[in-house]
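2 protein chains.
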Amino acid sequence: MSDVQRISGVLSPVVTPFRPDLSPDPDRFVRHCRWLLSQNVGLAVFGTNSEANSLSVDERIELLDRLVSAGVDPARMMPGTGCCALTDSVRLTAHAVKLGCAGALMLPPFYYKGVSDEGLFRSFAEIVERVGEARLRVYLYHIPPVAQVPITLGLVERLLKAYPEQTAGMKDSSGDWANTRAFLDAFASAGFDVFAGSETFLLRNMRHGGAGCISATANVHPGPIARLFDTWRAADADAQQARLDEIRAVFQAFPMIPALKAAIAHHAGDPAWTTVRPPLVALTAEQTGALVRELDEKGFAMPGLRG
Amino acid sequence: MSDVQRISGVLSPVVTPFRPDLSPDPDRFVRHCRWLLSQNVGLAVFGTNSEANSLSVDERIELLDRLVSAGVDPARMMPGTGCCALTDSVRLTAHAVKLGCAGALMLPPFYYKGVSDEGLFRSFAEIVERVGEARLRVYLYHIPPVAQVPITLGLVERLLKAYPEQTAGMKDSSGDWANTRAFLDAFASAGFDVFAGSETFLLRNMRHGGAGCISATANVHPGPIARLFDTWRAADADAQQARLDEIRAVFQAFPMIPALKAAIAHHAGDPAWTTVRPPLVALTAEQTGALVRELDEKGFAMPGLRG
Chain E
858 MSDVQRISGV LSPVVTPFRP DLSPDPDRFV RHCRWLLSQN VGLAVFGTNS
908 EANSLSVDER IELLDRLVSA GVDPARMMPG TGCCALTDSV RLTAHAVKLG
958 CAGALMLPPF YYKGVSDEGL FRSFAEIVER VGEARLRVYL YHIPPVAQVP
1008 ITLGLVERLL KAYPEQTAGM KDSSGDWANT RAFLDAFASA GFDVFAGSET
1058 FLLRNMRHGG AGCISATANV HPGPIARLFD TWRAADADAQ QARLDEIRAV
1108 FQAFPMIPAL KAAIAHHAGD PAWTTVRPPL VALTAEQTGA LVRELDEKGF
1158 AMPGLRG
Chain F
858 MSDVQRISGV LSPVVTPFRP DLSPDPDRFV RHCRWLLSQN VGLAVFGTNS
908 EANSLSVDER IELLDRLVSA GVDPARMMPG TGCCALTDSV RLTAHAVKLG
958 CAGALMLPPF YYKGVSDEGL FRSFAEIVER VGEARLRVYL YHIPPVAQVP
1008 ITLGLVERLL KAYPEQTAGM KDSSGDWANT RAFLDAFASA GFDVFAGSET
1058 FLLRNMRHGG AGCISATANV HPGPIARLFD TWRAADADAQ QARLDEIRAV
1108 FQAFPMIPAL KAAIAHHAGD PAWTTVRPPL VALTAEQTGA LVRELDEKGF
1158 AMPGLRG
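Here the protein sequences come in this chain order: E and F. First residue of the first sequence: 858, per my numbering; consecutive thereafter. First residue of the second sequence: 858, per my numbering; consecutive thereafter.
One or more of the hints may lead you astray.
Copies of the same chain are indistinguishable here, so a pair counts whether it falls within one copy or spans any two.
No more than 20 Å apart at the CA atoms, straight line, and that leaves these computed lysine to any residue pairs for SDA-like [to be verified]:
#1 Lys1155 to Gln1098
#2 Lys955 to Phe1157
#3 Lys955 to Asp922
#4 Lys970 to Val1138
#5 Lys970 to Met1113
#6 Lys970 to Pro1002
#7 Lys955 to Glu986
#8 Lys1155 to His1124
It is worth saying that the hints were derived from the structure and are not from the lab.
Using the sequences provided together with the hints, build the complete structure.
Quick look at the structure:
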């Protein structure tokens, strides 16, 4: 094992704020990242919930640079760097490593469907080889409902054999606990860090040797999720999990990304946060009203977000 | 209607040659494009079969520039310019228009699944508005087996109403003739040009008012496909279609992109053509042998390809 400190705990696929002209808004982005860190949540910037694939590679690099130059600690960052194009993935991953990011969360190339594990192995192997940095830590991103291209047990086995230091872990957003457990059973004892794809599975994941979770709703409910990670052996862990599930369920009844942004806009008193890039569409006024009402009924709050 | 000459006929989603280091090979690319033009086939460069989404936007722009500076006529080009990121699609489309390309073949943003027609409309509308060129001609690319995000009748109707000049047509790669016919029935009389996604549907498409086809196998069998387009009213049209289907069936029994490249490599006597970018994998020697043998048995040839 390497002596590089591995990242663990609760991370947020940080939502990306946009200006009225749909350009990324680095000031609001830095502010939200700082608030998440203050709640003990790490920064999986450029995830699915970040609308990362709706951003060019240049836009992602610019945001990452702004974050680091604002003094945000890259050891708390696991940016998404997996693109369809090999050269884009290499460029973004190399940049993240150069900045000192703790890891890179990598989608498989997701345009072609039904590709072989051999082709996916070559894709990840090319990225690792071309980046050529011993301290690179790759987290494979399994999100079949969106990417449609899966990360399989066989693929992880091959990557662990070829790149034991670089193949650091995965995020499982399958929503299928049996799948997460299969990866934990197969690889956790070898030091492969499995992050659940939502806090719904956080307690189960910790009880089976997982490393934490990377969850959309960590953008809006970071403190309580991070508390369960810190105290998962405590007597009230199941009660904490039930409370997290209750809040998660409210968000899941709406389109997730617009709902996260609507909640932030409401609780920060900053309507600019509602902007999404096409092909996504912001919540309607009716949807926003219903979301806020249901959250209020459950006593939901975002302490410290406003100013 | 505008006085811009619309592109029609048979187009090839031109396969992209790579060097041993997986960088695009502009010389082989220009040579293959010239051969296709010599066979009366137009250039839908940067399509699915071009591995376009495995190339960065810079790599695509560089290849397009090389093609135009080599004297290849942009009026015969319909580059693929639809990316996941709005800003990438705008940049690539604007560049294609600036070079004088006849049209831009646009995938919908394909990362998020289950997006609304409202979101897709906004995506295409933003591209048209930001490119801001009256001579832009958009061809919507419907390929649900790969992109998973469909182009619907309702979306085309809205785009035609908002941008009657720019909404020029579509490529239907659904493989479902009923779907192609629905678009022809709804919009062909309004001047919306429907290209079938393979020559399998070429004759039917022409008989129902279509504009031609954009087909993978036009990379390897261009002359005969173009002849059917030119002579679809001739007495032997059904026999021509049957012959095209026979050759197409040989290729379809293999992974299409590697098979196209293997056939070109074999018939050009140029093994470098077999290289693909991950996540694709080249044919095995056994597969290549079987492909070549089956094509030989059917009297398949690529006249003029070698030197």
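Hint check:
| no. | hint | verdict |
| --- | --- | --- |
| 1 | Lys1155 to Gln1098 | within (15 Å within a copy, 65 Å between copies) |
| 2 | Lys955 to Phe1157 | neither (39 Å within a copy, 52 Å between copies) |
| 3 | Lys955 to Asp922 | within (11 Å within a copy, 31 Å between copies) |
| 4 | Lys970 to Val1138 | between (26 Å within a copy, 13 Å between copies) |
| 5 | Lys970 to Met1113 | between (25 Å within a copy, 13 Å between copies) |
| 6 | Lys970 to Pro1002 | both (12 Å within a copy, 8 Å between copies) |
| 7 | Lys955 to Glu986 | within (15 Å within a copy, 37 Å between copies) |
| 8 | Lys1155 to His1124 | within (14 Å within a copy, 69 Å between copies) |
Hint compliance for this structure: hint 2 alone is broken.
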